[in-house]
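What follows is the residue order along each chain.
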Amino acid sequence: MEAGILTIGALAPILVVLAFILPLLGIFIKRKIFFHAYAVVVTALIAAATTYNLIVVWREGPQLYAFGGWPPPLGISYEVDALGAVLGALTAWVMLFIAIYSRWYMDKETGIPYYYTLLLGLEAGLIGCIYTGDVFNLFVMLEVLSISAYGLVGFHRGRAEAVEAAVKYGIIGAAATTVYFIALVFIYGSYGTLNMADLAIKARVMAVATPFSGGYYGNIAVAAALAVALSLWVFTYKSALFPNHFWLPDAHPEAPTPVSAALSGLVVNIGAYAVMRFLYTMFGSNSVLTVAKYPFRDIILWALLILGIVSGLVGALMMIVQEDIKRLLAYSTVSHIGLVFMGLSLGFSTVPLAATQEALTASLYHLINHSVGKALLFMAAGIFIGIAGTRKLDGLAGSGRKAPLATAAFFIGFLQLMGLPPLGGFFSKFLLYSAFMEAGMPIVAVLVVIISAISVLGYAKAMYSVWFRPSAKEFENVTGITLPTAVVLLLAVACVGLGIAAPYLTSALSTTIANSLMSKGVLSYIQAFLKTINYLSPP
Amino acid sequence: MTVSESEVITFIIITLPIYMAAFTLYAVRALKGPTIPDTVLAIDAMTYDLAAFLVVLAIFFRSPILIPTAIVLALWVYALDIYVAKYLESKEMGE
Amino acid sequence: MIDVNAFLFSVLVFSLIMNLGISLYGIFWRPSLVKKIIALTILGDTANVLAIVVGYRAWIAPNRPPIPPVLTTWKPTATDLSKFSSLAVDPLPQALVLTAVVIGLAVTVFLVFLTIQVYRLHGTTDVRKIAKLKG
Amino acid sequence: MADRLVKAVGPAVLAFITYIIFSGSVTPYDLVTATVVAVIVGLLVANLMIHNPRKLLQVQRLGWLIVYAIRYFFIDEVKAHLDVMSRIVRPSMPINPGIVRVPYYVESDYAMTTIANSITNTPGTVVVDLDTERKIFYVHWIDVKALEAERTRKEISEVFERFAKRIFD
Amino acid sequence: MRRAYKYAVLVAMIVSTLALALAVSAGGLGYALPFPAVRNLAYWYLRTTYNPFMPKFTASAPEAVTAIVWDYRGLDTLFETSVFFLAIIASMALMRGIEVKAPKSINLSKYGMSAIVKTVTKITVAIILAASASIALHGQLTPGGGFQGGATAAVAPLVIIVIFSLYFAVSSGIKKKSMLTLRTLGLLGIGVTSFAVIVAGLILGKAAYVFQNQPKEAAPIGFPSHILGVPMGGTLLFFNIFEFLAVAAGFTIVFLLLSVPEESVRKVLEGGEGHD
Amino acid sequence: MAVPAGLDWVLVIIGEIMIAVGVISDLIAAIGLLRFPNFYVRLHAATIGTIWGAFVPLIGAALVAAGADFLGRYRWFMAGGAVITAVLILILGPAGSHALARAAHRSKAAVVQPKVVDHLEEDSRAPSPKEEGGEESEAEVKEGGEP
Amino acid sequence: MISPETLVFGVLAALGLISMVATFMAVMERDLLKAVLFSAVQSTAYAFMFYILMAPDILLVYVPVAVGLYPAVILFLIKKTERFEGGEEE
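Residue numbers (the working numbering), protein chains in the order written: chain A, 1 to 539; chain B, 1 to 95; chain C, 1 to 135; chain D, 1 to 169; chain E, 1 to 276; chain F, 1 to 147; chain G, 1 to 90.
Just so you know, these hints were derived from the structure itself, not from any lab.
Check each hint, because a few of them may be wrong.
[Stated by the list, open to error] Subject to a maximum C-alpha distance of 16 Å in a straight line, what follows is the list of computed EDC-like cross-link-like pairs (lysine to aspartate or glutamate):
id, chain 1, residue 1, chain 2, residue 2
1, B, K91, E, E262
2, C, K129, G, E85
3, B, K91, G, E82
4, E, K176, D, D143
5, E, K110, B, E92
6, E, K110, D, D131
7, F, K108, B, E89
8, A, K461, A, D394
9, B, K91, E, E217
10, D, K135, D, D109
11, E, K110, E, E99
12, B, K32, G, D31
13, C, K132, A, E474
14, C, K129, G, E5
15, E, K110, D, E133
16, E, K110, B, E7
17, C, K129, A, E161
18, A, K402, A, E474
19, E, K118, B, E5
20, C, K134, A, E474
21, F, K115, D, D143
22, E, K110, B, E95
23, E, K118, D, D143
24, C, K134, A, E161
[As the list claims (entries may be wrong)] Residues from chain C shown here face chain B by an in silico Cβ test under 8 Å; the list is partial:
id, residue
25, I60
26, N63
27, P65
28, I67
29, P68
30, T72
For each residue, glycine too, the CB sits at the ideal point set by N, CA and C.
Construct all of the structure, not just a fragment, from the sequences and the given hints.
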């Protein structure tokens with residue numbers, strides 16, 4: 001066994017170091033094009049590296065990088081399994097498009113070096129959150145992600161709403177991450193370790209002592225339940241699940257448009273991903289949380305299911321009444337995250353494993369569809385806003401006719417999220433539906449359809465405004481939107497691709513889930529960990 | 001003849017409750033106010049005494065390594081004094 | 001018979017938990033943004049103390065306190081090392097708290113700047129008034 | 001630059017001494033780092049700190065400083081502390097406070113600061129404000145015994161001033 | 001009335017705390033007191049932080065906390081520093097375009113606080129800087145380290161800003177740009193140090209890890225562990241120095257930005273920029 | 001490095017006396033801080049807390065550390081740190097209370113009450129006579145200042 | 001004779017109660033300047049706790065941050081905004 005794959009370990013640190021240089025360069029270099037080019041090059045490199053990681057992980061199973069050469073519980077390790085690799089590649093690619101799009105959007109703004117520093121910091125946070133194999137490192141990466149997000153939301157400092165949304169997002173977000181820290185204190189206090197794989201072992205096998213972290217302290221079931229319950233707050237907050245969604249409709253629209261795309265498309269994924277890690281990898285179906293005496297896991301999952309349903313409904317309903325296109329898209333995010341959480345909460349001990357796997361596959365598939373689609377929609381909306389000079393749906397009326405290609409992409413994005421058959425959204429929703437049917441929950445399955453049906457109204461409203469509605473005033477002919485149009489068209493092609501490749505993708509993602517979250521996957525996750533320990537331990 | 005450990009330790013144990021009483025009284029004054037300078041003055045005195053007592057306690061814990069804490073405490077409380085004074089007497093903090 | 005040490009230590013732990021509750025109240029229910037930030041700093045601090053409390057260890061004898069996790073000899077013998085590991089407190093929570101303190105500081109500093117900006121734009125830091133201004 | 005180097009000597013020596021005392025050890029590592037730190041700190045704060053570097057070389061000033069320190073800590077401080085402490089513990093708590101003018105006649109900032117700090121450090125008198133143009137301290141005095149400028153100076157600050165003049169002026 | 005209510009709540013909280021503690025300790029729950037033994041993981045940290053008997057499995061720093069912060073869990077600390085950095089950058093983005101220039105013909109002594117405080121500051125700045133440098137440079141031996149030392153050193157610029165006025169600070173070289181440069185250089189130094197061993201490994205063709213410090217069984221290259229007979233913990237010394245610079249500069253930037261007079265900020269903001 | 005035999009006890013005893021003085025001064029200063037009627041008078045109590053309550057025990061602890069063998073090789077580190085801290089407190093403490101007192105007086109945050117006389121108030125209220133000697137103002141004081 | 005262990009734990013308990021009172025006052029106080037100073041009292045109590053719990057490193061980080069920096073930053077903030085929670089004085 002070699003030292004581990006360098007692109008896994010060095011990715012996030014290099015990214016953040018590359019971000020560090022930008023403000024210094026900003027003192028000396030005044031040409032904006034340099035920073036645009038810099039950001040695009042860096043994100044492109046990251047995209048290539050994550051894709052390489054995906055290929056390696058796909059072929060050889062979970063990969064672990066132990067920082068500093070210390071065996072995992074002693075040192076921090078990045079552990080990438082199929083799920084992490086898929087999400088990492090998704091993040092990096094969407095981020096590349098966002099960086100290219102920023103070239104157009106940010107050109108007239110001041111403070112470009114700061115913007116790109118924060119954007120690269122955001123990407124470092126995202127990649128780190130996905131790749132990390134250590135719960136405390138997850139906390140740090142969440143903070144990297146959050147602070148960049150707060151900064152980017154408040155980037156339009158002249159807009160009162162933007163700054164206020166950033167403050168609201170920031171204060172409650174900081175409280176939530178602190179509560180996650182308390183959860184970590186409980187975890188360390190009773191398990192004596194912070195490594196995810198180590199926790200996975202200890203939560204399952206009641207009397208095992210891994211080489212560097214033996215013993216338990218106190219009642220581990222209660223501690224784990226408390227820790228999971230506390231940490232769920234921050235994860236649901238980051239992904240804006242129902243009671244914690246209040247910040248999203250304010251914060252996402254007020255951010256600069258490329259950032260809205262990143263927040264809605266990528267940041268919300270982190271919460272769902274972390275919940276999967278906590279409830280499947282670490283405290284999974286055969287762990288201490290499911291033993292007959294303490295059925296905590298089922299309670300938590302039921303709560304998540306209900307919150308997911310409510311979130312889907314609330315998001316879909318609120319979409320209808322919005323007058324602001326970016327706000328409408330933000331509520332659509334709430335709705336879709338509800339669907340994702342419904343999928344990932346179908347892991348009760350009573351449900352057959354096949355159904356769980358199918359639901360998780362649907363969840364992951366939907367996450368991908370939503371990321372691509374929502375990034376597309378925000379960026380396309382940015383083009384129309386640039387044409388019309390307003391975010392109000394009334395003001396946007398007919399603006400799409402000035403940019404027909406962008407409008408076409410915009411429509412594809414909406415159809416994707418709506419779930420129209422040839423596109424990806426349909427397949428993921430259908431998969432979710434059938435998973436619930438299989439699990440014997442027809443009512444929930446019908447609710448998936450209802451949520452989709454309600455949200456159609458909101459989408460139709462936006463589409464109608466942009467293209468069909470006669471415009472109140474004559475827009476000037478716009479130039480210079482070639483680049484953003486190209487970006488949204490590429491994303492539209494990706495949407496179509498996600499739909500066309502559905503049969504292949506479904507089986508591939510199903511394998512991904514099986515290889516990372518189901519018991520076989522968890523086993524290989526743990527084995528990679530134990531292998532590293534054996535390799536690195538002192539003689 | 002070397003210095004007996006237990007004698008020194010016993011002495012410090014006797015001072016501990018007296019010190020804690022003083023600390024509590026300072027805290028009472030700090031929380032009671034009534035004006036801002038009163039509170040700051042109480043925090044000030046409390047922290048300088050704490051800095052001194054941390055050094056004494058380091059002997060009690062037999063860990064001389066704990067010392068650098070005292071200087072940091074003293075310095076930053078001075079900075080706090082200065083900030084509050086500046087707040088009270090001037091219009092802008094930077095002028 | 002009540003163990004006095006246990007009682008005193010529990011007083012510490014429960015007052016910390018009370019502090020958590022009070023500061024959460026401050027974050028959610030006090031109207032002023034500044035007050036929210038103050039409560040946020042208290043929340044972070046309290047979490048940090050809790051972590052350190054978790055890392056503390058019992059005294060091996062009534063007058064033999066634990067020592068900080070710093071080895072004081074540069075040429076240790078095996079005895080020194082085993083004495084050190086039998087007396088020193090847990091260093092890991094301290095490292096975690098160090099990280100958490102700095103992170104809390106960073107977030108607070110940025111929130112302060114945001115709050116100043118809110119005041120510049122709205123003329124108040126009271127969330128109720130801001131909500132009214134927004135209509 | 002040369003001027004700056006000369007000025008840097010004082011702070012550098014101060015920084016070196018502080019560093020070594022604070023580290024409490026004199027291994028080669030300490031000496032090397034102390035020298036580096038002292039040079040950097042000296043250059044950084046040179047212009048801030050020293051106005052007349054030659055004064056540093058006059059050893060008798062240091063001697064006066066030591067004499068002054070001994071006298072101050074063993075006579076003035078003890079008297080003042082006991083006085084105020086007795087006021088605190090006496091149930092009647094006899095206080096007679098007021099803010100009086102105390103003039104001073106030294107030139108340099110350091111001497112003035114020494115006097116002011118000495119006054120403040122003795123309980124019973126605190127410098128509340130000062131007027132550098134008219135050379136007056138406004139001293140809060142726990143037991144006002146005199147009001148005229150010269151008499152207050154005699155009661156409060158004459159000793160300090162005598163020494164401060166020798167040390168710094 | 002409200003006041004009485006407030007104090008009633010306070011008293012109730014104190015009483016309930018005492019009662020809960022009493023209940024727990026009377027119930028004899030084992031959690032009430034700390035455990036006599038330290039956790040296994042912590043035991044390993046204590047054993048390996050400075051252990052001449054295991055030369056291939058030690059961090060070579062007697063200070064376990066600094067060793068964990070920069071060696072065992074160095075990645076956390078790198079990102080922790082970047083959180084602080086990103087916060088500063090986000091703040092600078094909020095304050096972009098706002099420069100403080102000392103007015104040309106200005107009598108600096110008119111600003112600031114009383115002469116006594118100014119003189120005292122002059123004397124103490126050197127002491128503060130030296131003591132903080134000692135805290136940082138002995139971070140691998142005694143409690144302290146880069147962040148601690150940097151935060152202590154930051155007292156100096158901060159009191160200068162507050163006591164002598166912002167204009168004095170700016171005119172004597174405490175500027176946003178120079179501090180940002182210092183901060184970035186410090187962070188780059190941290191980055192370079194963390195990648196130093198792996199770059200060496202790639203050149204020499206040997207296995208190495210990111211954030212590696214001492215040589216390991218599986219990765220046989222690393223930093224020297226002693227300097228002039230004193231344990232320096234390999235990379236820890238460099239990390240501490242760079243972090244010292246970065247933190248001191250970072251604190252100073254925060255205060256420079258905060259102490260900008262409100263009028264000049266408003267002037268820039270009213271220059272008008274809003275965006276949809 | 002060791003202290004000569006016999007001297008260590010002397011150092012320890014002196015140090016302990018100083019620590020004892022410090023702790024008692026702390027307590028009295030705290031009582032004074034509670035009992036005194038206004039901010040300016042409390043400043044004096046706080047001075048006790050700073051000089052005898054902090055400076056003296058710091059020096060005392062340094063002496064004890066220098067004498068106490070059982071503290072190991074780092075005791076010189078402790079003594080040095082304590083001395084530097086003591087010196088800093090000696091310099092910074094009065095500057096801090098002066099700054100605070102001045103700010104309190106200027107901002108009228110704390111009232112000088114009870115008082116015998118407040119020359120500062122008089123001088124800041126009256127437009128200060130610029131180039132005149134101390135004698136002039138002396139006369140004013142006699143008129144209005146007598147209790 | 002009380003054992004040293006009990007005495008030290010007693011100090012911890014007292015510090016816990018002091019910090020609780022200070023926190024309560026800080027959160028309830030309408031004058032934000034006072035609230036900041038109360039939170040400084042609480043920070044001092046916590047700093048002492050860190051010391052007794054044998055975490056000098058944390059104390060060295062915590063004191064600059066919580067005793068020095070937070071009050072300072074918030075003082076600057078209050079100076080630039082408003083001093084009383086819910087508008088100027090009642």
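Checked hints:
1. Only pairs whose Cα atoms come within 16 Å are accepted, and K91(B) paired with E262(E) is accepted, the gap being roughly 10 Å.
2. Among the hinted pairs, K129(C) with E85(G) is consistent with the structure: their alpha-carbon atoms are about 11 Å apart, no more than 16 Å.
3. Taking the CA atoms of K91(B) and E82(G), the gap is near 13 Å; set against the 16 Å cutoff, the hint holds.
4. As the CA atoms of K176(E) and D143(D) are separated by approximately 49 Å, the hinted pair breaks the 16 Å bound.
5. Proximity of K110(E) to E92(B) is assessed by CA-CA distance (about 14 Å); at most 16 Å being required, the pair is judged to hold.
6. Pair hint K110(E) plus D131(D) holds up; C-alpha atoms about 13 Å apart against a cutoff of 16 Å.
7. The hinted pair formed by K108(F) and E89(B) meets the criterion: a straight-line CA distance of about 9 Å does not exceed 16 Å.
8. Between the alpha carbons of K461(A) and D394(A) the distance comes to roughly 11 Å, so the proposed pair stays at or under 16 Å and holds.
9. A threshold of 16 Å between alpha carbons decides the hint, and for K91(B) with E217(E) the separation of about 62 Å lies outside it, so the pair is violated.
10. In summary, the hint linking K135(D) to D109(D) is supported, as the alpha carbons are separated by about 11 Å, within the 16 Å threshold.
11. For the given pair, K110(E) sits about 21 Å from E99(E) by alpha-carbon distance, which is inconsistent with the 16 Å threshold.
12. Between K32(B) and D31(G) the CA atoms are separated by roughly 13 Å; this keeps the pair inside 16 Å, and the hint holds.
13. Distance check on the hinted pair: K132(C) and E474(A) sit about 35 Å apart at the alpha-carbon level, beyond 16 Å; violated.
14. Proximity of K129(C) to E5(G) is assessed by CA-CA distance (about 52 Å); at most 16 Å being required, the pair is judged violated.
15. Straight-line distance between C-alpha atoms of K110(E) and E133(D) comes to about 13 Å, which keeps the hinted pair within the 16 Å bound.
16. A threshold of 16 Å between alpha carbons decides the hint, and for K110(E) with E7(B) the separation of about 56 Å lies outside it, so the pair is violated.
17. Under the criterion of a C-alpha separation no larger than 16 Å, the hint pairing K129(C) with E161(A) is consistent with the structure, at around 14 Å.
18. Distance check on the hinted pair: K402(A) and E474(A) sit about 10 Å apart at the alpha-carbon level, within 16 Å; holds.
19. Simply put, K118(E) and E5(B) have alpha-carbon atoms about 44 Å apart, too far for the 16 Å limit, and the pair is violated.
20. Taking the CA atoms of K134(C) and E474(A), the gap is about 30 Å. The hint is violated against a cut of 16 Å.
21. For the hint linking K115(F) to D143(D), the alpha-carbon distance of about 10 Å falls within 16 Å, and the restraint holds.
22. With a C-alpha separation of about 9 Å, the suggested pair K110(E) and E95(B) falls inside the 16 Å cut-off, and the hint holds.
23. With a CA separation close to 29 Å, the supplied pair K118(E) and D143(D) exceeds the 16 Å bound.
24. For the hint pairing K134(C) with E161(A), the CA-to-CA distance comes to about 8 Å; that is within 16 Å, so the pair holds.
25. Interface restraint check for I60(C): the shortest CB-CB distance to chain B comes to about 13 Å, outside 8 Å, so the restraint is violated.
26. The criterion of a C-beta within 8 Å of any C-beta in chain B is met by N63(C), whose closest approach is roughly 7 Å, and the hint holds.
27. A least Cβ separation of about 5 Å between P65(C) and chain B falls short of the 8 Å threshold, and the interface hint therefore holds.
28. Here the hint on I67(C) is kept, as its CB sits about 5 Å from the closest CB of chain B, short of 8 Å.
29. With 8 Å as the threshold, the beta carbon of P68(C) comes within range of chain B, its nearest partner Cβ sitting at about 6 Å, so the hint holds.
30. The beta carbon of T72(C) is positioned within 8 Å of a beta carbon in chain B (closest approach about 6 Å), and the interface hint is therefore held.
Consistency with the previously given hints fails for numbers 4, 9, 11, 13, 14, 16, 19, 20, 23 and 25, ordered from lowest to highest.
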